[in-house]
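Guided by the hints, dock chains F, B and X onto chain V, whose structure is given.
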Amino acid sequence: MTVSTDYTAQEIIVVAGAKILEDKKVVFVGTGLPMVASLLAKLTHAPGLIPVFEAGAVGPPLKVGLPISVGDSKTFTGASFVGGLNAAFEMTQRGFADFGFIGGAEVDMYGNLNSTMMGNFPETYQKPAVRLPGSGGASDMAASCERTILIVPHDKRRFNEKLSYVTSPGHLDGSPNARFKAGMQGKGPYRVITTKAILDFDKDTNRMRILQIFPGETVESVQAATGFELLVAPHVSVFDPPTKEEVRMIREDIDPDQAFVKRA
Amino acid sequence: MTVSTDYTAQEIIVVAGAKILEDKKVVFVGTGLPMVASLLAKLTHAPGLIPVFEAGAVGPPLKVGLPISVGDSKTFTGASFVGGLNAAFEMTQRGFADFGFIGGAEVDMYGNLNSTMMGNFPETYQKPAVRLPGSGGASDMAASCERTILIVPHDKRRFNEKLSYVTSPGHLDGSPNARFKAGMQGKGPYRVITTKAILDFDKDTNRMRILQIFPGETVESVQAATGFELLVAPHVSVFDPPTKEEVRMIREDIDPDQAFVKRA
Amino acid sequence: METNTEMYWTGLSPDEARELLVNKDKSMKDKRMTLKQAVAQFIKNGDNVGIGGFVNIRQPIAITHEMVRHGFKDLTLSWQSAGMAPDYLAGAMMLDPNHFSIKRVEMAYWAHEAFGLSPMFRYLAERGMIEIEDWSNYNMSARFKAGAMGLPFIPTRGPLGSDIVKTSRTKVIDCPFTSRPIALLPASNPDVAIIHVQAADMYGNCIIRGTDATCAEIAMASAHTIVTCEQLVEHELVARNPKDVKIPFLAVDAVIEVPFGSYPGACRRHYYFNGEHIRQFHAAANAMRKDGSSALLQAYYDENIFGVECFEDYIAKFPVKKLLADQKAESFNCERLA
Amino acid sequence: METNTEMYWTGLSPDEARELLVNKDKSMKDKRMTLKQAVAQFIKNGDNVGIGGFVNIRQPIAITHEMVRHGFKDLTLSWQSAGMAPDYLAGAMMLDPNHFSIKRVEMAYWAHEAFGLSPMFRYLAERGMIEIEDWSNYNMSARFKAGAMGLPFIPTRGPLGSDIVKTSRTKVIDCPFTSRPIALLPASNPDVAIIHVQAADMYGNCIIRGTDATCAEIAMASAHTIVTCEQLVEHELVARNPKDVKIPFLAVDAVIEVPFGSYPGACRRHYYFNGEHIRQFHAAANAMRKDGSSALLQAYYDENIFGVECFEDYIAKFPVKKLLADQKAESFNCERLA
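Residue numbers (the working numbering), protein chains in the order written: chain V, 496 to 759; chain F, 496 to 759; chain B, 630 to 967; chain X, 630 to 967.
Simulated from the structure, these hints should not be mistaken for lab results. There could be a bad hint or two in this list.
Simulated restraints, written as ranges between beta carbons of each label pair [to be verified]:
{"no.": "1", "chain 1": "F", "residue 1": "752", "chain 2": "B", "residue 2": "808", "range": "47 to 55 Å"}
{"no.": "2", "chain 1": "X", "residue 1": "805", "chain 2": "V", "residue 2": "726", "range": "33 to 41 Å"}
{"no.": "3", "chain 1": "B", "residue 1": "865", "chain 2": "X", "residue 2": "658", "range": "49 to 57 Å"}
{"no.": "4", "chain 1": "X", "residue 1": "802", "chain 2": "B", "residue 2": "674", "range": "35 to 43 Å"}
Quick reminder that beta carbons are idealized off the backbone N, C-alpha and C, glycines included.
Here chain V stands alone, though its shape is the one from the complex (with noise of 0.2 Å):
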């Protein structure tokens, strides 16, 4: 496979986000990147994943083309079972979802995200200093797919000791056994994947890791664009950069009309 040599952020996102997803597993798909990840592992790697979106399309083989919305007519099309937002949820909430990816505008060490509001928190809640859309399914997916997989673009302002908004739950606080306390279902965060790296969990404290750094950035790099601190795994290795034909899939295949996957 020759290395790409003109892939962008979001394509770097795109392609590990495909390859963390195992053939044959569950993924429930949120808006945007994942939709075009999910489509790559499904066209490379993993033939056999099953998609579930939010607005009730289960299994669907998404060769329509790539959906713009997660209830895009595009997922519906010979689909395995098609109900409504309760029925997804109830499902996931069964624990049918194996991965689910979630986004944020904030996230902290704990895998905790933030999609609601900026600003200061409860004070300025009803008047926030900006207002982002919302939860959407993100929080349902938190609380109750097996893992989830995290996207944040990574910048200091966005990886934050402290949310302004807890949208969707990680770690919580860390301690142990955290989730099952508060009732929530599922292991929790599993991998974020930053526009610099890939960073998992320890598995005793639940604090964000640097697992994999993307070509060009070092564990220096990665830790100075963070709002707190990382730990480090023992064998920190660089991503293999997409290939030429990841991005042409990407490119081509996928997003030719860059709905989600911007080429500028």
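The following block gives chains F, B and X in isolation, referenced to the frame of chain V:
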């Protein structure tokens, strides 16, 4: 309308049941005589009656004949909506059922019904003298239909001061607002149709009251067949006997195979 | 009954049910096998078995025949309203509890509507041979639904005011929003669901006609699901109308094509009830209920279940004209072009 | 936000919702009327309005246009994820809160996925002009479901561990069966539901293609439901496949045939998104969000909403070739014979 002279006890129950139903209302139809009564109502004064069956059919025209089960294929043909049991009972709990028809082996003066067991409760619950089929949907209909119509053959062993088991709650202990306080919905038992009379419930005490007697019966004969003291409405009238045409419809058009209305 | 009012989980606890599902292979694979294999592989002694259908409609009769042939001990059976399926299992217990036994039933109704009471239920219950937990149809449906939703309980009005509250694991609380009482019912997560449907593909996507009953909820709630179908069809045919699919392949472990799989009960689009045969079976059981004589019932089982290799052989015993007449009767209910 | 953590009912309390439904004419009658009549008859100032669809899919756009023309005060809007429908209402409030105003939103997501954030939401929220109660998609769907079930609450895992618990009327209890925490969400029973579907008969039986979203739950939970449909069809056609009906006539008060009723959003089988028009509308609102200049947004409303008599006139402003292209794009998603 010529009066019938050879109608049976079940036939007058069916006719009385049909007449209590109002046109354009929703009736949650239990198995047995209520199906015959609903069909008779629909074919006579209540063409706009909307039957709901607990197995899931809503608003079928019932043009393919009398169902012999509330999950019968005949309930689904031409219906406006078909789900499963949860869908039907959720609608009822929401308030969509104006009337519900329920029956039992035993009834008390407040319209509570037993269709579970005969014997000493709770001692012999797990080894009853006679084991009856169980609630089916009756307990749910009793808790959530707006008004219930009870059908019980009139017999001293069935009209009891104290039931072996309360399967389908009526006015409970008859105290004001007892149903509301217990968390239930709807106004509870509205009419009781027996083999001897039509009874309602006194507004103040919620006790069963003779409203109309069937031809050949007297207030005394009805009381004599009852294991508790009945109240008597101010003006007890005699219920009109079925007409020849009503009996013909039951025998020829509705239940020619005597699935529920036995001729002998 | 004191044990029913203490809380414990029959079948799986919600957390066990979750864990089993998480670790299960949920991939889209060919799940066709024989009924004998499916029953041997997915049902074990002591299991809580969730039974699909409603009274005698679309009940998993072929599966219960195979279960009887196999023999199981100490089953818990869960359903809302059922007729022939538990009757076949209970009749086997009447004949030989060492070969087949039911420990407990959790249900709303065990009888036959127009076809009368269940002599098997009366026999076992009136002799105190099984534990019973009475619920209503909505209670059981909601309990399966809670299991399917991954919840430990679901609120309902249903049992309020009735003795079901006293003889079951219901908990009544004051609603924290309205202060009025509301019932909380514990989820039901059976070990295995047994379901008959009109059509399925080899992955287990199921199309149900007429009442959905509580089949999807039972399948989604259970650790394993065995599905028999009247018609095994191509996945592409199913995927053309995915909204017809009521049980997704993810919830199914075994798919077996068994025409007449709910007979002598009814199956929408395929056949109407064979009331004669239901009555004949009941007459045999009723004889034993009344005076303990097992000869008729034993003869029925020897002839129809133990004496045949598979359900197809049982169906083959019916006169062709009777089978055609029962198909014809259903085609009147449900007219359609072949 | 302190008010959200105290319990009170927005829209109807469960007991009020029950009472209204009990006293309502639920008969199977002709419910066709104009959209103008329906909006005037069934929506009033101060109502809680439940909005169907999902983000920009099958949203009741035609109904929101008519609501803007009519003018309403102090509405509470409830939905799970929405885009253009609340945008149209919110844009009207930005231009003239005396003509149209939103008091409160209860929702999970107000944005546009691939089409970006909602400038209207940012404008109103960042100026503190509306009360907000954040929930998740499942939370809102489950709240409508509880309302549709006649229950005061429903348990979910969804908001556990998040600040949604702190900024909403969620109550967390220890499960009486497992002792683990579980969230209880108060039911949502809106005063009126606004829903767009693919097909309906004159009684209000609705066929939905693609995602059911939470439309059936919203309709069943609400005191009144206004339905627009792409296609008004004969009841007999609908009744041939009653399992395609997702909302039964019992839950519907008004039926209006409005082709392109979700445009410029998408509607499965009928048309795909008109992203250009969505962006054009947002650009106008974004200008006002950034510097307060209302000229572009006012021009958009004057041209497309206030300046036309009805939604058909709005649709007629699009080039025929664009409408055909958007229909063609959807036919690629969802190939079928006409």
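Now for the hints, and whether the structure bears them out:
{"no.": "1", "hint": "F:752 with B:808: 47 to 55 Å", "result": "holds, 51 Å"}
{"no.": "2", "hint": "X:805 with V:726: 33 to 41 Å", "result": "holds, 40 Å"}
{"no.": "3", "hint": "B:865 with X:658: 49 to 57 Å", "result": "violated, 42 Å"}
{"no.": "4", "hint": "X:802 with B:674: 35 to 43 Å", "result": "holds, 37 Å"}
Comparing the model with each earlier hint shows a violation of hint 3 alone; every other hint is respected.
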